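A.B. asks: Please construct the entire structure, taking both the sequences and the accompanying hints into account.
Protein chains in written order, with the working numbering: chain L, 1 to 375; chain G, 1 to 375; chain Z, 1 to 375; chain C, 1 to 375.
Think of the hints as simulated: they come from the structure by calculation, not from any bench.
Predicted model, so just to flag it, every value in this text is computed and none were measured.
Please note that the accuracy of each hint is not assured.
Restricting the straight-line Cα-Cα distance to at most 25 Å, the calculated cross-link-like pairs of lysine-lysine (DSS-like) are [stated by the list, open to error]:
| hint | chain 1 | residue 1 | chain 2 | residue 2 |
| --- | --- | --- | --- | --- |
| 1 | L | K30 | L | K97 |
| 2 | C | K97 | C | K122 |
| 3 | C | K34 | L | K34 |
| 4 | L | K288 | L | K267 |
| 5 | Z | K2 | Z | K97 |
| 6 | Z | K30 | Z | K2 |
| 7 | G | K53 | G | K34 |
| 8 | G | K267 | C | K288 |
| 9 | G | K30 | Z | K53 |
| 10 | Z | K53 | G | K2 |
| 11 | G | K2 | G | K97 |
| 12 | Z | K2 | Z | K122 |
| 13 | G | K34 | Z | K34 |
| 14 | Z | K267 | L | K288 |
| 15 | L | K34 | L | K53 |
| 16 | C | K2 | L | K34 |
| 17 | G | K53 | Z | K34 |
| 18 | L | K53 | C | K2 |
| 19 | Z | K2 | Z | K53 |
| 20 | G | K34 | Z | K53 |
| 21 | Z | K30 | G | K53 |
| 22 | C | K288 | G | K288 |
| 23 | L | K267 | Z | K288 |
| 24 | Z | K34 | G | K2 |
| 25 | L | K30 | C | K53 |
| 26 | L | K2 | C | K53 |
| 27 | Z | K2 | G | K34 |
| 28 | L | K2 | L | K53 |
Which residues of chain L face chain G? A few of them, derived with a C-beta cut under 10 Å, are [as the list claims (entries may be wrong)]:
| hint | residue |
| --- | --- |
| 29 | R157 |
| 30 | V159 |
| 31 | G208 |
| 32 | T211 |
| 33 | V213 |
| 34 | Q231 |
| 35 | L235 |
| 36 | V243 |
| 37 | S249 |
| 38 | M251 |
| 39 | W253 |
| 40 | G254 |
Note that beta-carbon positions come from the ideal geometry of N, C-alpha and C, so glycine has one too.
There are 4 protein chains.
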Amino acid sequence: MKTLGIGLIGSGFMGRCHVNAYNSIASIFKVSQKPVLKMLADASPELASQQAKALQFEQSTADWQELVQHPEVDVVDITAPNHLHHPIAIAAMNLGKSVYCEKPLACTLAEAQEMANLARSKQIPTLVGYNYLQNPLMRTAREIVQSGEIGEPIAFRGVHAEDYMANPLSPYTTRLDASQGGGVLYDLGSHIISLARYVAGPIQEVLGNLTTVVPERPSGDTTRLVHVDDQTHCLVRFENGCVGTLEASWMAWGRKMHLAFELTCTKGTLVFNQEQFNELRLYDANQKAGRDGFKTLLSGPDHPHYSAFCPAPGHQLGFNELKVIELLQLLRALEGGDACWPDFTEAFEIQKVLEAVKLSSEEARWCSPQSMITN
Amino acid sequence: MKTLGIGLIGSGFMGRCHVNAYNSIASIFKVSQKPVLKMLADASPELASQQAKALQFEQSTADWQELVQHPEVDVVDITAPNHLHHPIAIAAMNLGKSVYCEKPLACTLAEAQEMANLARSKQIPTLVGYNYLQNPLMRTAREIVQSGEIGEPIAFRGVHAEDYMANPLSPYTTRLDASQGGGVLYDLGSHIISLARYVAGPIQEVLGNLTTVVPERPSGDTTRLVHVDDQTHCLVRFENGCVGTLEASWMAWGRKMHLAFELTCTKGTLVFNQEQFNELRLYDANQKAGRDGFKTLLSGPDHPHYSAFCPAPGHQLGFNELKVIELLQLLRALEGGDACWPDFTEAFEIQKVLEAVKLSSEEARWCSPQSMITN
Amino acid sequence: MKTLGIGLIGSGFMGRCHVNAYNSIASIFKVSQKPVLKMLADASPELASQQAKALQFEQSTADWQELVQHPEVDVVDITAPNHLHHPIAIAAMNLGKSVYCEKPLACTLAEAQEMANLARSKQIPTLVGYNYLQNPLMRTAREIVQSGEIGEPIAFRGVHAEDYMANPLSPYTTRLDASQGGGVLYDLGSHIISLARYVAGPIQEVLGNLTTVVPERPSGDTTRLVHVDDQTHCLVRFENGCVGTLEASWMAWGRKMHLAFELTCTKGTLVFNQEQFNELRLYDANQKAGRDGFKTLLSGPDHPHYSAFCPAPGHQLGFNELKVIELLQLLRALEGGDACWPDFTEAFEIQKVLEAVKLSSEEARWCSPQSMITN
Amino acid sequence: MKTLGIGLIGSGFMGRCHVNAYNSIASIFKVSQKPVLKMLADASPELASQQAKALQFEQSTADWQELVQHPEVDVVDITAPNHLHHPIAIAAMNLGKSVYCEKPLACTLAEAQEMANLARSKQIPTLVGYNYLQNPLMRTAREIVQSGEIGEPIAFRGVHAEDYMANPLSPYTTRLDASQGGGVLYDLGSHIISLARYVAGPIQEVLGNLTTVVPERPSGDTTRLVHVDDQTHCLVRFENGCVGTLEASWMAWGRKMHLAFELTCTKGTLVFNQEQFNELRLYDANQKAGRDGFKTLLSGPDHPHYSAFCPAPGHQLGFNELKVIELLQLLRALEGGDACWPDFTEAFEIQKVLEAVKLSSEEARWCSPQSMITN
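C.D. replies: Following this line, the structure appears as structure tokens:
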């Protein structure tokens with residue numbers, strides 16, 4: 001089997017998820033290239049070396065440029081802080097290397113646009129870590145909508161709510177740094193937007209309301225002012241006429257992974273919640289009187305990719321396995337298959353929506369994601 | 001026991017609900033006045049007579065003025081079409097009679113204001129049929145918020161979704177008549193607004209998006225154009241700083257009584273859905289690590305008014321019993337107790353919000369309910 | 001309209017439920033006889049008089065025989081302690097009067113048999129208060145099974161679990177008195193048995209395991225030994241070949257009204273829980289791959305009797321309304337319709353099962369309910 | 001890092017699960033030995049060779065004895081048919097090698113006993129694949145019970161229901177072969193027994209009822225008679241006085257992985273269902289009136305082993321990750337830590353219960369697992 005040299009930048013939670021996907025994929029999917037862990041880059045030589053050993057990379061470095069230029073690194077995998085996504089990805093693509101990048105794509109729309117344009121012009125396979133899209137039941141949801149099984153979308157209510165910043169004493173982090181994209185809109189809102197686009201279609205207009213609940217947070221011995229949103233609420237209009245709301249919050253006590261939506265169509269409804277992501281609820285308007293109701297589908301081998309993990313339904317996939325399906329997109333694209341969903345182009349579209357939500361909130365008016373492009 | 005003469009105008013579903021409440025209340029609550037079914041008014045003498053017999057009223061009429069003026073009618077109960085609420089209520093209050101009126105209060109804000117002003121100036125007990133507020137667990141929800149048990153409200157997501165107009169062949173009805181208030185915002189949106197105000201507080205600003213999904217509906221042998229909203233989506237800001245979304249739809253396939261909300265506070269969260277209205281979910285931020293989670297409260301004798309219906313928890317109250325608790329508000333007010341919640345004053349406040357949502361949608365800008373008052 | 005004179009013996013929770021049903025039924029169902037509250041009997045003249053006033057009976061007595069013999073009492077309604085069921089019912093039937101009796105039918109099988117025989121021989125309409133059978137969705141469940149929609153029953157798991165005696169300091173009550181039937185098997189087990197028979201069919205054999213968890217309970221200033229079961233677990237075989245388990249407990253912390261079952265058939269499954277009794281879950285084996293799952297039916301006008309209470313689905317019926325449907329059985333039987341389900345004959349069948357469970361536990365062997373009959 | 005040579009016998013679903021665990025463990029847990037895939041054995045040389053290549057084993061064989069004797073194979077991993085468990089395990093242990101064996105341990109109790117005795121006498125670390133025990137929330141459940149947080153166990157209702165044989169046309173397989181252990185009691189009942197022992201304690205007595213629903217199944221062009229149970233229902237008494245029921249079925253339409261229990265204790269209750277295995281419901285008797293209810297715990301870093309997979313709660317583990325935690329037991333035992341739960345000794349105890357259930361059904365009497373031992 002051919003090998004595929006992996007260079008990973010960043011070794012936090014997401015970095016380790018990616019490593020696990022590289023280690024697992026060949027025993028789960030039939031792939032023609034076996035990922036080999038070539039080089040790990042991290043913030044310091046010591047950290048990089050120690051993590052490379054723990055995660056069993058062949059080499060380590062504190063210089064991401066060295067990694068990008070390493071001749072045996074075929075895929076540059078970016079789990080580094082957001083402000084590094086752009087320079088690393090540009091450098092890698094200029095060397096013709098594939099890029100697997102965590103979300104959000106970049107800190108500014110201009111950067112995201114440059115990344116998407118370069119990938120397109122150089123025809124480089126790219127993949128972005130909106131992992132919840134890779135759920136077998138999310139593919140099923142999309143199939144149900146696109147096949148017309150339940151008619152056309154008319155309303156979408158999308159939420160991504162968690163509570164990891166709900167405590168006002170939760171300290172200041174880079175997630176609160178506006179120059180890094182900052183705020184819950186970028187951190188969680190991007191996920192629900194990715195999902196809205198995936199199942200309900202392109203977004204035409206948004207009108208947001210961003211709020212900061214905790215105006216300052218502890219930071220070492222002092223506090224720092226917060227300039228980003230703790231909560232985002234948003235009206236949305238899709239290109240196909242569907243309307244609804246989008247919402248993101250990291251203040252939502254009790255919600256741990258409440259990435260949820262309800263999509264009403266002209267002949268039925270889908271309901272989903274990532275906290276029970278092996279379930280999808282479906283209502284079909286065409287049911288017998290007295291026997292109608294929402295049905296709960298349990299993920300199983302009849303849903304895309306599930307059977308690679310388990311031959312029996314109801315056993316449940318885990319979050320980390322979504323990352324394996326995500327990685328599969330890239331390997332398939334490298335084998336000459338379809339482009340990844342989501343690639344840099346799609347991630348750029350998502351980022352336009354993020355910027356439109358922000359602007360619409362500042363100016364209290366409907367804004368179009370397409371009008372966000374500056375040139 | 002003293003008797004309380006009831007004059008009921010309208011004998012449809014809601015009229016029958018009220019009758020049942022009158023028949024039941026004395027064996028459920030300790031009240032000092034026993035309701036007596038004096039007179040029923042309906043659209044024609046035949047219908048009125050037949051329904052009076054079926055529902056066991058002493059007399060019937062096709063003239064609501066006769067009913068209002070009947071000397072033994074103490075309470076004028078209005079379940080007639082929306083456009084009759086105002087003239088009947090005004091006539092009754094001018095005779096010093098109490099009024100129990102179904103929602104929404106009136107077809108226009110000016111009418112609603114006149115009704116609320118007259119009730120206040122004449123100190124007349126009034127009650128409006130926002131029945132979902134009467135749920136023991138809704139009172140519990142309000143207590144939890146007002147006591148500060150879970151801190152201050154920061155986000156509210158409110159929905160009232162049903163599917164009774166989801167079929168595009170569902171015929172044109174007066175609910176689609178803009179001159180009667182018209183549209184799902186008035187029909188269902190008013191409920192979720194009543195509830196938002198009840199548990200989260202007064203509303204400062206809204207920004208709505210009203211949409212018509214089915215542009216014409218069958219009407220007899222022909223079709224009629226629809227000029228009202230099938231769906232309402234709305235951003236909201238409360239006076240206390242809480243923000244969120246409000247939504248109403250009668251197009252929501254599969255949803256039969258999805259009057260639901262999630263209220264996030266600074267120290268916990270409440271989740272409710274009227275389709276399981278004997279349950280309230282509560283998350284308290286102050287729980288032991290590894291043992292924390294949403295808790296499901298089942299309605300029982302520890303919640304206000306439940307024990308009058310049943311001494312044991314978990315037995316469940318039904319929708320019709322909420323009407324009995326509603327009626328209790330009026331009897332208590334007549335005995336000199338607190339004003340009803342909701343009375344005409346509160347219903348007028350709700351109607352201001354309805355009008356603000358409508359205007360904000362037309363003008364695509366934030367509108368304040370308080371600015372809706374024309375004089 | 002003809003009137004039907006009601007004589008009620010006992011005015012506790014159940015007595016009041018019955019009164020509410022008498023007061024409500026004529027405005028809910030089309031009936032040809034209007035119940036009139038003639039006489040209330042209770043333990044002392046004072047109590048009877050006070051309760052008669054509160055519940056608006058015309059007369060009161062402390063002597064149930066006076067009530068039974070009252071010429072205007074047509075229906076004798078027994079909500080008195082279990083040991084009085086037999087003498088009162090016999091006396092009433094000997095006068096040709098209909099009897100509405102709370103469950104369990106009697107304290108001994110011999111008494112139950114005598115009651116059932118007398119009712120049959122004199123062709124007297126009788127009704128027993130196994131109220132959970134009256135739920136519209138329970139009728140629907142029975143219809144689904146009997147029509148063969150989901151094939152033939154093969155397994156039944158039935159539970160009635162509550163927690164009202166879970167605290168070992170909950171005091172001794174007559175429910176713990178073996179001479180009154182005593183124990184959770186009689187108190188709650190009788191409900192799940194009534195339901196098992198209703199949806200899955202007659203029971204052929206049982207093998208029980210009765211346990212006493214709290215061996216003595218407070219009783220005034222002292223304690224009393226407990227000789228009855230706090231928990232019953234039981235294997236069961238139905239006549240149709242279906243097998244399963246039955247269970248009753250009043251020690252089940254957190255369960256308030258967990259009367260629940262899962263009925264597996266050869267082509268589908270039904271799941272029910274009384275704590276959400278407006279829902280019935282249905283799995284049909286004949287579903288499209290990838291779109292199969294349990295469906296949640298919400299009670300609505302397509303289910304028997306629901307529409308009398310409400311024209312719209314999802315609004316929910318309450319426990320007290322089951323009592324109104326129960327009472328309807330009797331009025332219909334008196335009008336010459338079908339016998340009530342459950343009448344004394346059915347209640348006697350249930351009681352045979354209770355006795356078989358008890359005996360099977362004592363003797364650690366399978367016992368047949370039919371073999372319990374002593375003559 | 002030291003390496004640990006793995007020899008795997010069998011490459012079906014379970015074999016592949018194990019391979020994935022070997023590949024993943026070092027990037028998830030800190031372990032001192034890295035598993036190396038030395039040799040794969042399967043039914044034919046061709047199959048073994050092909051699967052070895054696909055799963056990336058160094059060598060392959062059709063002779064399990066060759067694998068067992070391979071000097072670099074340190075752990076013999078058995079996912080072969082049940083009747084091979086015993087000879088392979090004995091051979092491996094006689095060479096001093098660790099054994100990781102899928103459940104059930106053996107086809108007969110005598111074999112199981114020999115395996116357990118040999119492991120004990122030679123002090124060999126062994127591990128059996130009752131994977132559902134490895135769920136972080138199952139460990140939490142056990143902690144809650146053992147710490148006395150909710151008092152002492154008094155009732156246990158355990159079920160393992162699936163529907164993979166519910167269709168009477170599902171063909172005959174070795175699972176239906178009585179000489180291989182055969183029947184749903186062995187296949188699924190063993191899981192719920194493993195779990196009953198894990199959370200509620202050792203079992204004193206059982207009384208089973210085994211039924212065959214489909215008496216013959218298709219087998220190639222003909223049919224074969226079925227001599228094993230399609231359904232098992234069982235009464236159970238634990239050594240600590242807890243009582244309840246156990247149930248297994250592969251006929252349960254709609255149930256895909258319904259391994260579920262409710263454990264009532266003297267001060268609270270636990271409810272679990274493997275179809276949502278990242279949730280555990282907990283009721284604590286010590287709650288404030290009006291605010292009491294079942295609480296849903298979501299698995300997260302506060303529960304054992306979860307944080308190795310993910311630093312954030314609510315993300316969900318998948319079934320395959322339970323296998324990684326399972327494997328960890330063996331690596332820890334090899335490092336000199338505690339014995340695995342479950343090891344051969346525990347699996348032998350489980351098998352005694354299986355045999356007691358079978359015998360008790362045949363003889364219609366209570367049987368003690370401890371009395372099943374023949375010498």
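A.B. asks: Against each hint, give a clear statement of whether it holds in the structure.
C.D. replies: Tested hints:
1. L:K30 with L:K97: It holds: about 23 Å lies between the C-alpha atoms, which stays within 25 Å.
2. C:K97 with C:K122: Given pair C:K97, C:K122 holds - Cα atoms ~10 Å apart, limit 25 Å.
3. C:K34 with L:K34: It holds: about 19 Å lies between the C-alpha atoms, which stays within 25 Å.
4. L:K288 with L:K267: Answer holds: L:K288 to L:K267 is near 14 Å, not above 25 Å.
5. Z:K2 with Z:K97: holds, 16 Å
6. Z:K30 with Z:K2: holds, 13 Å
7. G:K53 with G:K34: holds, 20 Å
8. G:K267 with C:K288: holds, 17 Å
9. G:K30 with Z:K53: holds, 11 Å
10. Z:K53 with G:K2: Holds: Z:K53 and G:K2 sit about 13 Å apart, inside 25 Å.
11. G:K2 with G:K97: Given that 25 Å is the threshold and the Cα spacing comes to 16 Å, the pair holds.
12. Z:K2 with Z:K122: Distance ~23 Å between Z:K2 and Z:K122 Cα, so the pair holds.
13. G:K34 with Z:K34: Holds, because 19 Å separates the two Cα atoms, which is no more than 25 Å.
14. Z:K267 with L:K288: OK: Z:K267 and L:K288 at ~17 Å, within 25 Å.
15. L:K34 with L:K53: holds, 20 Å
16. C:K2 with L:K34: holds, 24 Å
17. G:K53 with Z:K34: Answer holds: G:K53 to Z:K34 is near 12 Å, not above 25 Å.
18. L:K53 with C:K2: Roughly 13 Å between the alpha carbons, so the hint for L:K53 and C:K2 holds.
19. Z:K2 with Z:K53: Satisfied, since the Cα-Cα distance of roughly 24 Å is no more than 25 Å.
20. G:K34 with Z:K53: holds, 12 Å
21. Z:K30 with G:K53: Holds: Z:K30 and G:K53 sit about 11 Å apart, inside 25 Å.
22. C:K288 with G:K288: Holds, because 16 Å separates the two Cα atoms, which is no more than 25 Å.
23. L:K267 with Z:K288: holds, 17 Å
24. Z:K34 with G:K2: Answer holds: Z:K34 to G:K2 is near 24 Å, not above 25 Å.
25. L:K30 with C:K53: Holds, because 11 Å separates the two Cα atoms, which is no more than 25 Å.
26. L:K2 with C:K53: holds, 13 Å
27. Z:K2 with G:K34: holds, 24 Å
28. L:K2 with L:K53: Satisfied, since the Cα-Cα distance of roughly 24 Å is no more than 25 Å.
29. R157: Holds, because the Cβ-Cβ distance from L:R157 to chain G comes to roughly 7 Å (cut-off 10 Å).
30. V159: holds, 7 Å
31. G208: Hint holds; L:G208 Cβ to chain G Cβ min 8 Å, cut 10 Å.
32. T211: L:T211 check passes; min Cβ-Cβ to chain G is 5 Å, inside 10 Å.
33. V213: holds, 5 Å
34. Q231: With a closest approach of 6 Å, the L:Q231 hint holds.
35. L235: Holds - the Cβ of L:L235 comes within 10 Å of chain G, reaching about 5 Å at its closest.
36. V243: With Cβ-Cβ at 5 Å, under 10 Å, it holds.
37. S249: holds, 6 Å
38. M251: Cβ of L:M251 sits 6 Å from chain G, so the hint holds.
39. W253: holds, 5 Å
40. G254: holds, 3 Å
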